[in-house]
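Colleague: The listed protein sequences derive, respectively, from chains R and D. For the first sequence, position 143 matches number 145 in the working numbering, and the numbering has no gaps at all. For the second sequence, position 67 matches number 98 in the working numbering, and the numbering has no gaps at all.
One or more of the hints may lead you astray.
[Stated by the list, open to error] Calculated cross-link-like contacts (lysine-lysine; reagent style DSS-like; alpha-carbon spacing at most 25 Å):
id, chain 1, residue 1, chain 2, residue 2
1, R, 712, R, 582
2, D, 376, R, 802
3, R, 198, R, 582
4, R, 455, R, 198
5, R, 899, R, 757
6, R, 899, D, 97
7, R, 970, R, 757
8, R, 712, D, 376
9, R, 533, R, 582
10, R, 526, R, 566
11, D, 97, R, 639
12, R, 712, R, 355
Calculated directly from the structure, the hints in this document are not laboratory data.
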Amino acid sequence: MSDPQTNTDLAAVRSALWAQLEGARGRDYWRSLEDLAATPEFQDLLEREFPRQAVGWSEDENPVEGRRNFLKLMGASLALAGMTACTRQPTEHIMPYVRQPEDLIPGRPLFFATAVTLNGVANGVLVESHEGRPTKIEGNPEHPATLGACDPYSQAAVLQLYDPDRSQALAYNGEIRSWGAFTGALRDALAQQRVKNGAGIRILTETLTSPSMADQLRTIQKSYPGLKWHQWDPAGPHSARAAAMQAFGQPVNTYYDFTNANVVVSLDADFLASGPASLRYARQFARRHRVDAGTDTMNRLYVVEPMPTPTGTKADHRLPLRAGDIEEFAWALGISLGIAQGPKTGENNDIYKWLGPIARDLETNKGASIVIPGEQQPPIVHALAALMNEKLGNTGKTVFHTDPIEANPVDQLASLQDLVKDLDSGAVEVLIVIGGNPAFTAPVEMGMRDRLKKAKLRIRLGMYADETSQVCQWQVPETHFLETWGDARAFDGTVTIQQPLIQPLYGGRSALQLLQSLTEQPEKTPYDIVKGYWHDQHTGVDFEAWWRRAVHDGVVPGTALPTKSLAVRGEALSARAGAKHLGGKLEVIFRPDPTIYDGRFANSGWLQELPKPITKLTWDNAAFLSPATAHRLGVQKGDLLKLTYQGRSLNAPVFIQPGHVNGAATLHLGYGRTHAGRAGTGTGFNPYGLRTANALWQDIGMDAVKTSGKYEFADTQNFHLLETPDRRHIIHRADLADFQKNPASPHEGAETPPKELSLYPEWKYEGHAWGMAIDLNSCTGCGACVIACQAENNIAVVGKDQVRRGRAMHWVRVDSYYQGDENDPAIYNQPVPCMHCEDAPCELVCPVQATVHSSEGLNDMVYNRCVGTRYCSNNCPYKVRRFNFFLFSDFETPSLKLQRNPDVSVRSRGVMEKCTYCVQRINSAKIDAEKQDRPVRDGEIQTACQATCPSEAIVFGDINDKNSRVSKLKANERNYSLLADLNTRPRTTYLATLRNPNSEIGA
Amino acid sequence: MADDRQVIDAPSKKIIAPGYTFGTVTDQIASVVLTRKTPYVVMGTFAVAMGLLLIFLLAVGLLLTKGVGVWGLRGPTMWAWDITNFVWWVGIGHAGTLISAILLLLNQQWRNSINRFAEAMTIFAVACAGMFPILHLGRPWLMYWLFPYPNTMGIEPNFRSPLVWDVFAVSTYATVSVLFWYVGLMPDLATLRDRSEHRALKVTYGFLAMGWRGSAKHWAVYETASLLLAGLATPLVLSVHTVVSLDFTVGIVPGWHSTFFPPYFVAGAIYSGFAMVLALAIPLRSVYGLKGLITERHLDNAAKVMMATGLIVGYSYIMEAFSAWYSGNVYEQAAMWNRMTGPYKYQYWVLVACNVIAPNALWFKKVRSNTVVLFIWSLIVLVGMWLERFVIIVASLAQDNLPSSWRVFESTRWDWATYLGTIGLFLFLFLLFIRLLPMISIFEVRTLLPQAKIKEDSRG
C-alpha cells in the first residue's frame, strides 16, 4: 500500500482530474464536480485515496498484511469501544492562549471587585473568574455593606449571568430586528420629541443610586426639559422615604450600628437577613451576641413580627403580632418612653404585655440601644422609632442619618400614579422602561399591563423577555452587571464602580448605553460614561491611579455620605390611628419573598430551590397561617384557600407556620410569573393580584374560604417540635445567666462517650487535621451558606418534583427546630454540612471503598469509584449525603457549562455526593504554602459556606494547630458534637446557642 | 404408555398413597413432561407470567435508561422496595435448601416428593433476588466492582462492608443450589431420555443426563456427591440470611442495629419459604393430579414447619420491642414507637396480624388439613413477610436520628412494576421448569415405596 508506484499513480490521476475541472466556474463548476464523481477515474481515485484497510481481503492486496491490519484495527476499535462505552467522554478542544493575558495563570482564578445591586443599593462583592469566566461571587471584605460576606441574591447573580433564558436578541413585537432598525426608530421618535422638548418621553426605572446614571439622566433632562423620569420598585423602602419626609421634612437615609447596641427592639424589621445593610448588621449583631468566656455579655433582642424571620429566630423575646398591631405597639412603647401620650387603643392585649420591661431595658441602655422599624411598616412606625431613638440618645451613637443614597428619592407610588395619569391622558409618546417589571409588580388596580399599551412607542430594556416585555414593542436585551460598567451606592452612600468580567454573552445594551442614545453622544461606551463621570468628579492630581485603585478595591474612597445630626420635627407624629378591628376576617400581609424577592429572581434555579429560611419551602409561595388560624379555617397544609380582598380574589395553598401570628396570612410576592423563563414560569401564585396602592404591605379585611383541591409543596423539612427536654440533644441551648453560673448547663443530660470506647486503635493525625465549628448562637438561618456551597461545588438543581421527593442536592442544609408552644415556639437554626466523622459510619459500609478517610481527617467521596448502593447514606446518622438519582447535572446547556467551578467534578448519574469541606480550597492553599515553604496559615482556607456567612457562624481550620480559631472554638465550653452518643466523633462541632432573656419577663 | 397409566390421585395421610409401583410413579411424573397436554390453567398462568415478565423488562429498561430515580427512593429512605424484594426473595429460597439439604441429612423421607420443585423454587427465587442488588445500584453496569477481581486500579472491594459479604453469600448460595439441584436431576433426566420418543428430546435429555446409566457405581458416586452437597448447603441455609441480616445490623440505623437479627431473619426466611412451597404445591398437586405423591401429610408437615418458624418470628417481634424499650436508647425506643404509631403503623400492624396472629391458626389440624385455607394462609404469610422487611427497612430509615431529615417514602408505579415483574419472572421460570423437567424426583419417590424398603431390608 505504501508502494511509491501507487503514490505516483495517485498524483497523476489527481492532476488529470483537476485538469478536467480547470476552467469551470460557478454553476458549471458544481455541475462538473457531479459529472466528475461519476467517472471511473474518480471512483478509482476514491478507492485509492481511502485504501480499504479494514477490509483487507480483496485480491489485489497482500492477504497476510491485510488480515493483520484487519486484526490490528479490530483490536484497536474494540479497545476504544471498551473505553468509551461506560462513561460519557465529551469532545473537548484544548486551545492555548496565543497571547497570555496579564496576571492570568491557567488554573488559578482571578478576583475582581464589583457590586451587586438590589433595589439600586450596592453590595460590594469579589467575583471569581476562571480564565475569563465568572464562576463564583464572594463578599468584598473592604466593602462596608458586605465586610466579606454575601447574601443569596448576590451568590445567585452568577447563575443569572449564564441563564439560557435571558433575552438574547433585540426584538420588535417578538420579531428579531437589527440594532440599526432600533436606533433608527428611536432616533425618529426623539426627533419628533425634540420639538416638544421631550414632553412625550417617559423613563421608568427601578430605584437608582448610580451617580453616573443620575448624571446622565440630568443631562438628558436638560436636552428634553419635558421628559419625566419615574421610578418603581415594588419592594422598595417606600415607608422609610415617606417617614423621612414626615419626621425630618427632607429625604433622609438612616442606618444603624449594632456594635455598641446592648438592647435592640425590632418592630417587624428583619434586619439580620434582608435589607441593604443586613450583611453588615448580621456581622455586628453576631459579634455582640457571641459569648466566648463565661464573663462575656450579650446583647438582647426583642422582636415583634407577624411571620417568623431569621431575625425573629434570634430574638430573646419574640412577640408575634399582626403587622397592623405593630403600629399600636410602637405607639405604646413610645408612650412608655415618654415621647407621646394616649390611652391603649389596641384590642390585642399581647401588645402591652412586655412594654414595661422593654421600656426599662431601653432606658437603662440609653445611647446603647436601637429601635429599628421594619421597611414594610407604615411611616408612622418609622417616625416613632426615630423619635424613640432620639429620646434614648441613640441618634449619632447607634443610629445615623445621612443624605439619601438614591439619586432621586421620590415617592415612588406617587411617581407611578403620575405615570398612570399621563398614560391615560395619552401624553406618553415614548416610554422607556429600564429594568424592573412594572407590568407584573405595579399595584393591581393600576392595571399596568394594559395601561402601558397606551404609550405609543414602548421600549423595554430587560434581561428577560418578561411580562412587561410582552406589552412593549421593543425588547432590548439588557447586559448583566457582570458584563458591563456601572456604579452604585451602598447603604451608607459608599460608591462601588462595577466592572465587567466577561463580554456580553448575548450582546445587549446596558442601561447606561440605552440612556446614552438619548444624548448628543449616543455612541459613548459605558466605560467612557462611568469613567468620564468620575473624571469630572475627581479633584486630585493623578486620576488614572485613583481610578485604577477605586476599580480594584471595589470601593471609591470618601464617598460614604457624611452623617447629619437631624432633629425629629414636632409634627412628625401624625394623629394616632384608631383601633382596627379584624371582624372575623384575616389580615393580609405582603412581603418580598426570602429567595426570589419581588419576582426578579424567579428564573434562578438556585434561588428557587434554596429552602426559604424557617419554612424550608422551595419553588413556591403559600398563604402562611398560624396553626390556630388554620384550625379555625378548617384547613390543613396544602389545602386551597380562596382569598378575597377588596373584591379581588386569589386561590392560594395553605402552609401552616408555627410562630406565625394568629388572624393573619402572609403572602410572599414574586411568584405566579407568566413569562419568567423555564424555571420561574408557573411556580406558585401571584399575590400582586391582591396588592393595591393603599395596602402595599398589609391591611385587614381579607376573607379566606376553603376551596376544593390539594396542593403539593416541595419543602425540605417537616415541622418538628423538639421534645422538652430534648432527649436527642440536637440543639444545645441555655440562658445566659445559667451559662454564666454553670458553663456545662447547655449540655445537660447529653452524653459523650469516652474516646477509648472503640475496638479500633486510635488513629493519630499527623500534620493537618481539618475541622469545623459552627456557632449556633450566631447563625441566623439565612441560607447564604447553602447557595454559596451550591455555586462553589457545582451542585445541580433538581426541580420541584424532585425536591418534593426528598432529592434536593444541597450539601449543606439549615435545619429549623421548634420548641415550646406550637403557636409561639422558640425557633432554632442549625446548618448541617458533612460531619467528617473520625469514625465515619458511611466508610465502613461502602462495598467498593468509594468513601474513605484521608490522613487529614476528611471523609472523602470518590465519585469515580461509587457504584451507588446508597448504603453510606442509610448509615449516615446526619443524613448529609446526596444521591444523583438521575442525571441531575446539566451536561447539555452550553452557557451553564461556563458557570461551573473547574476545580470541582460535575457529578453524573448514579453517584453519591456530599460536603467535602471544600477540599479544592484546602488543596489550593496547601500547594501555595508548600511553594512558599511555610505552613498553611490559620484562616487561609475558608470554605465557601464560611466565607459567605454574614454572622461568622462557621469557622474552619486545623484542629492540630492549638492556636487556630477553630481549635479555640472547639475548646470553648459551648462546644458539642451532634449525636455525640453515637460515638462517630464528628469533626464538625457546634457551639451551643444562648438566650439572654429579660429577667423581668417570665418565660 | 398413556393407556396403561395408573393414576393414583387419592388423598392420603401417608407420604405416598398406597398402590403405587415403581412404574406408576415414573409414569405419573414423567408423563407431565413427555405425554400429557399442558392444562389450560397452567397455560393461563403462564400467559400472566409472561405479561408480568414483559412489564419487568419495561421497568428495568426504563430504570437502566433513566436511573434509579424512577423508583420512589428518596432521602432518607435510600433503600425501600428494592432491598425489601431482595430479602423477601432470598428468604423464600431458603425453604428449598432446607428441604433438600437439612431434611436429607436428618433423613426426613417425606421431603423426597417435594424437594425437586422446592429446589427449583430456590434457584428461581435467588435469581429474582439477585436482580435487585444489581438493579438498585446507581450505576448497575459497574456491579462487577463488588467482586475482588484483579484490576489495574489496584482496588479491592471493602471487605468490612456487609454488601460484599452479601455478594459472596448469595453467589455461593446460588452456585451450590444449582449444583445440588442439577446433580439430583441427573437420574431423572436419564429416565426422561429413556422414555422420550422424539429424537431431539432423547438427545437433549441425554446430553443433560451426562451419560447416566444407573449403574451401581453411578449410584454410589451420586450418593456421596449429594451428601457432600447437602453438607455444603446446610450451613448456607443459616449463613445466607445471617449475612443478609448483617446488612442491617451492621448499620447504626435505629431499628436495624441489633444482635438478634440473624436468627430472626433465618426463621423468617424459612417461614416465608415454606409458605411459598405450600403456595406452589397446593395448586400443583390438584392441577396435575399428584395428590397421591404430594399428600396431605406433606402439607401438614410444611404447615407445621411454617407455624414453628412463625412462632419464632413472633417471638422476635416481641424481643425487638422489648430490647428497644430495655436498651433505654432514645433512638431505638423512638424507632419502635414510630414503627407502631407512625406513618407505617398500618403496615406494621398488618404484618403483626399476618406473622404473629395468623400462624396460630395452624395449631388446629382442621386448618392444616384444609388445603384451600392452607393456600390462603401461605399467601398471608408471604404478604406478611414482605411487609416485615418493608417495615424494617423503610420505617427505620424514614425516621432515624435527626428529625429534620425525616420523610415518608412513597412508592411509584415502577416500584410495583419491578416487584410484580419479578413475580412474573419467577412464575415464568417455574412453569417452564414444570413443563420441561420432572417436578418431583422420580427416583427418590420410588425409594419411598414399600417395595424399595423390602429390598433394602432383605439386603441388610
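Colleague: Take the hints in turn and mark each one as holding or not.
Modeller: Do the hints match the structure? See the list:
1. R/712 / R/582: 33 Å, violated
2. D/376 / R/802: 28 Å, violated
3. R/198 / R/582: Not OK: residue 198 of chain R and residue 582 of chain R at ~49 Å, beyond 25 Å, violated.
4. R/455 / R/198: Between residue 455 of chain R and residue 198 of chain R the Cα gap is close to 21 Å, so the pair holds against 25 Å.
5. R/899 / R/757: Violated. Residue 899 of chain R to residue 757 of chain R sits at ~46 Å, over the 25 Å cutoff.
6. R/899 / D/97: Distance of about 22 Å is within 25 Å: holds.
7. R/970 / R/757: 20 Å, holds
8. R/712 / D/376: 24 Å, holds
9. R/533 / R/582: Cα-Cα ~53 Å, so violated.
10. R/526 / R/566: It is violated: about 37 Å lies between the C-alpha atoms, which goes past 25 Å.
11. D/97 / R/639: 32 Å, violated
12. R/712 / R/355: 39 Å, violated
Violated hints, in rising order: 1, 2, 3, 5, 9, 10, 11, 12; the structure is consistent with all others.
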